[in-house]
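**Q** One line per chain: the protein sequences are A and B, in this order. Here my numbering is used: the first residue of the first sequence is 0, the next is one more, and so on. Here my numbering is used: the first residue of the second sequence is 0, the next is one more, and so on.
Any given hint might turn out to be false.
Intra- or inter-copy, both count: the list cannot distinguish identical chains.
[Claimed, not checked] BS3-like, lysine-lysine: derived pairs with alpha carbons at most 27 Å apart:
1) Lys368 / Lys11
2) Lys51 / Lys138
3) Lys130 / Lys368
4) Lys286 / Lys11
5) Lys8 / Lys286
6) Lys8 / Lys130
7) Lys130 / Lys183
8) Lys11 / Lys130
9) Lys11 / Lys89
10) Lys8 / Lys269
11) Lys227 / Lys269
12) Lys249 / Lys228
13) Lys249 / Lys138
14) Lys368 / Lys80
In case anyone wonders, no lab produced these hints; they're calculated from the structure.
There are 2 protein chains.
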Amino acid sequence: MRQTELFTKTRKEAPSDEVAKNAQLLIRAGFVHKEMAGVYAYLPLGLRTLHKIVQIIREEMNAIGGQEVAMTTLQDAELWKQTDRWSDEKVDNWFKTSLQNGTEVGLSITHEEPMTRMMAQYISSYRDLPKYPYQFQNKFRNEARAKSGVMRGREFLMKDLYDFSRTEEEHNSFYTAARDAYIKIFDRLGIGEKTYITFASGGTFSEFSEEFQTLSEAGEDTIYVDEKKRIALNKEVYNEGVISKLGLDKESLVEKRAIESGNIFHLGTKFSEPLGLTYSDENGERKPVYMGSYGIGPSRLLGTIVELFADEKGMVWPEAVAPYRVHLVGLNLDDEETRDWADALYNNLVNAGVEVLYDDRVEARAGEKFADSDLIGIPHRIVASKKGKDAGTYEVVERATGEIRNLTEEELFADFTS
Amino acid sequence: MRQTELFTKTRKEAPSDEVAKNAQLLIRAGFVHKEMAGVYAYLPLGLRTLHKIVQIIREEMNAIGGQEVAMTTLQDAELWKQTDRWSDEKVDNWFKTSLQNGTEVGLSITHEEPMTRMMAQYISSYRDLPKYPYQFQNKFRNEARAKSGVMRGREFLMKDLYDFSRTEEEHNSFYTAARDAYIKIFDRLGIGEKTYITFASGGTFSEFSEEFQTLSEAGEDTIYVDEKKRIALNKEVYNEGVISKLGLDKESLVEKRAIESGNIFHLGTKFSEPLGLTYSDENGERKPVYMGSYGIGPSRLLGTIVELFADEKGMVWPEAVAPYRVHLVGLNLDDEETRDWADALYNNLVNAGVEVLYDDRVEARAGEKFADSDLIGIPHRIVASKKGKDAGTYEVVERATGEIRNLTEEELFADFTS
Numbered sequence: 000m001r002q003t004e005l006f007t008k009t010r011k012e013a014p015s016d017e018v019a020k021n022a023q024l025l026i027r028a029g030f031v032h033k034e035m036a037g038v039y040a041y042l043p044l045g046l047r048t049l050h051k052i053v054q055i056i057r058e059e060m061n062a063i064g065g066q067e068v069a070m071t072t073l074q075d076a077e078l079w080k081q082t083d084r085w086s087d088e089k090v091d092n093w094f095k096t097s098l099q100n101g102t103e104v105g106l107s108i109t110h111e112e113p114m115t116r117m118m119a120q121y122i123s124s125y126r127d128l129p130k131y132p133y134q135f136q137n138k139f140r141n142e143a144r145a146k147s148g149v150m151r152g153r154e155f156l157m158k159d160l161y162d163f164s165r166t167e168e169e170h171n172s173f174y175t176a177a178r179d180a181y182i183k184i185f186d187r188l189g190i191g192e193k194t195y196i197t198f199a200s201g202g203t204f205s206e207f208s209e210e211f212q213t214l215s216e217a218g219e220d221t222i223y224v225d226e227k228k229r230i231a232l233n234k235e236v237y238n239e240g241v242i243s244k245l246g247l248d249k250e251s252l253v254e255k256r257a258i259e260s261g262n263i264f265h266l267g268t269k270f271s272e273p274l275g276l277t278y279s280d281e282n283g284e285r286k287p288v289y290m291g292s293y294g295i296g297p298s299r300l301l302g303t304i305v306e307l308f309a310d311e312k313g314m315v316w317p318e319a320v321a322p323y324r325v326h327l328v329g330l331n332l333d334d335e336e337t338r339d340w341a342d343a344l345y346n347n348l349v350n351a352g353v354e355v356l357y358d359d360r361v362e363a364r365a366g367e368k369f370a371d372s373d374l375i376g377i378p379h380r381i382v383a384s385k386k387g388k389d390a391g392t393y394e395v396v397e398r399a400t401g402e403i404r405n406l407t408e409e410e411l412f413a414d415f416t417s
Numbered sequence: 000m001r002q003t004e005l006f007t008k009t010r011k012e013a014p015s016d017e018v019a020k021n022a023q024l025l026i027r028a029g030f031v032h033k034e035m036a037g038v039y040a041y042l043p044l045g046l047r048t049l050h051k052i053v054q055i056i057r058e059e060m061n062a063i064g065g066q067e068v069a070m071t072t073l074q075d076a077e078l079w080k081q082t083d084r085w086s087d088e089k090v091d092n093w094f095k096t097s098l099q100n101g102t103e104v105g106l107s108i109t110h111e112e113p114m115t116r117m118m119a120q121y122i123s124s125y126r127d128l129p130k131y132p133y134q135f136q137n138k139f140r141n142e143a144r145a146k147s148g149v150m151r152g153r154e155f156l157m158k159d160l161y162d163f164s165r166t167e168e169e170h171n172s173f174y175t176a177a178r179d180a181y182i183k184i185f186d187r188l189g190i191g192e193k194t195y196i197t198f199a200s201g202g203t204f205s206e207f208s209e210e211f212q213t214l215s216e217a218g219e220d221t222i223y224v225d226e227k228k229r230i231a232l233n234k235e236v237y238n239e240g241v242i243s244k245l246g247l248d249k250e251s252l253v254e255k256r257a258i259e260s261g262n263i264f265h266l267g268t269k270f271s272e273p274l275g276l277t278y279s280d281e282n283g284e285r286k287p288v289y290m291g292s293y294g295i296g297p298s299r300l301l302g303t304i305v306e307l308f309a310d311e312k313g314m315v316w317p318e319a320v321a322p323y324r325v326h327l328v329g330l331n332l333d334d335e336e337t338r339d340w341a342d343a344l345y346n347n348l349v350n351a352g353v354e355v356l357y358d359d360r361v362e363a364r365a366g367e368k369f370a371d372s373d374l375i376g377i378p379h380r381i382v383a384s385k386k387g388k389d390a391g392t393y394e395v396v397e398r399a400t401g402e403i404r405n406l407t408e409e410e411l412f413a414d415f416t417s
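Based on the provided sequences and hints, a complete structural model is requested.
**A** Below you can see the structure in the form of structure tokens.
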């Protein structure tokens, strides 16, 4: 993509009411647009990044047997009354609206109820189990405050996967597979090292739940980390009893701020019982289906990645999710020969299948271009200048490390198309 | 995908309150799930089909310079007051809700206003124009009745593209390109022949607007078609004056029912003026941006395709959007050799990159399998049976024509992997 064609531009300032670093940088770089507090539109660079995160998650969900669906935003109140989650006293962040005939409907805060009801149409026998539907779908939560940028929106994208299993044992076996898939996802996104499986308070069906917490000063959670054992405890379960139960040592636990970047739950029969999701087993006996749920928010991950890697100059994208792999910055483009030379490299890279953003602006000064490039945070910057043309080389700068190399076109292609 | 792994199953009956043929068949075949009237979830087969429609549209939008974004569902009331579209007297199908602090917000009925306001941040000079953002995003319309299945939902997916141009001339030139792109989309979807550019009533900035109308008895519109000239008139402009103005002949116009499958609009400065979207031209003069909008609904197209091609046995998908290209139906799978033989073909086809749904159910009878296969409507059925194994051939049946061929594995691969 040529930058002169891209409709977004960088900005010096984010909106004055935007306090989160992730949103400030994403807005300044033209990745997102703030529609209102906690509600962000995704612009071309941001949407490319979001789609890459989604695709990584999709691949890992498919790999463990997930089947993709898309549930709805509008929610039938009657369904949520059956699990006692409709009343504002029970769930205080519903957005509610109504049909023309006055029937109340809600906007999806989450999807356990509709997913369970939908699956009930397809599950009757043990032969129909286990099954693993998942989706990428917007959730709507009427947060009183929305100060964390894209990490906690009033409208945000969520991947939610569910397991519908015959027994606790069958559920547990999938739970382990999903847990491993989450570890792979964080690794592929480049935040595996900073992400800890963290014990938190459980529900009816388990003593603890497990969260994935990613270390960051911008996080809303406090956790206690054992770095050697790569395990952490959420503050809510941080006490002598739990520490000793888990075989940990208080001395090795360090307090950290962290972002909850994923969570996995044993749901047991919490939803299947009230919603009547049962199956007949090998002996013809009706039994409630055993469930689990597995959440991860692509838009929150996008914000988390910004928070984790950004430096004083701007964002720093890991290769796997960067909107483009290469930022080709053309200098001295008012010189026709230099422009032809830079254009040719752009075309050759694109034809070789390399994703390139090309700063082909003629008027912008070099300093402005470098500042924009640092802000946008594409992993590899290739500078094509008159001086480089005369020497027959391009300057390649790594965004993350600042490492600089001068490469010929041949060396460049060996590097970027291998 | 093995059918024993797919969580959906076919059903004999659709919900009794579902009157539209498209929704009846899509529900019976397990493509969609009805959450409430006019609100449908997409299940694995339906979502695959929807994604294919989306991808065709995306490719054609990118080909004319479109840049993909994703605007939001939650809408700022203040913005819509500026164009006088917030009041329920002006727009009677809003879903409205409110933030915790009482501020009213709406659910996106359409996106001209937020798109215009967002673009205003990036447009200041003639150098910033023209630009073409587009998106796939849910729209919410509080329809009093919802009787047309996925063709007119209360929540539905829409592709909307906008042009932001310097002048009417520049806008018109893009309008022509977008119009041509739409023709390509309908052709690629397999409904080009049945789709007519149709003159309808215009707005402030043009005498007529143009709609794409696809002939179908299930349509809500009445149009008058000149089949030779491949032009039509919407009933609302069907009068002597217009007919002669367009150089048509009343005798050649035939009344037909049709589905509005796309529309393209000259918006002029209808949104840019009230929302203050201006640019400074080459002489430094401020001018309002000239706009157009281009809508097409992937979920409505999906319903339209069902309506157009379905027969008494079920759905008939065109190759380009079918959830799978091949439906491999295994018979006599209780015979181990036959099962191994069918399994081997499945694996070989998948490894060759062919999209295959494999009916690997052992218990189901042949008649049941064929009825399900007809209902689901995948273009090519390959039957692997004991009889076929003994003869060394597979029966290939075309869903659209019923044509039957007996092919060896070699002939089959020549056909499906070339």
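**Q** Hints first: check each against the structure and report whether it holds.
**A** Evaluation of the provided hints:
1. Lys368 / Lys11: Within one copy only: 13 Å inside, 63 Å across.
2. Lys51 / Lys138: both (20 Å within a copy, 24 Å between copies)
3. Lys130 / Lys368: Answer is between: at 22 Å across copies they meet the 27 Å cutoff, but 51 Å inside does not.
4. Lys286 / Lys11: between (60 Å within a copy, 25 Å between copies)
5. Lys8 / Lys286: between (58 Å within a copy, 21 Å between copies)
6. Lys8 / Lys130: Intra 45 Å, inter 13 Å, cutoff 27 Å: inter-copy only.
7. Lys130 / Lys183: For Lys130 and Lys183, the Cα distance is within 27 Å only inside one copy (21 Å; across copies 39 Å).
8. Lys11 / Lys130: Result: close only across copies, 22 Å inter versus 49 Å intra.
9. Lys11 / Lys89: neither (43 Å within a copy, 39 Å between copies)
10. Lys8 / Lys269: For Lys8 and Lys269, the Cα distance is within 27 Å only across copies (25 Å; inside one copy 49 Å).
11. Lys227 / Lys269: Classified as neither; 36 Å inside a copy, 63 Å across copies.
12. Lys249 / Lys228: within (13 Å within a copy, 83 Å between copies)
13. Lys249 / Lys138: neither (38 Å within a copy, 52 Å between copies)
14. Lys368 / Lys80: neither (56 Å within a copy, 39 Å between copies)
The structure is inconsistent with the numbered hints 9, 11, 13, 14, although it conforms to all the rest.
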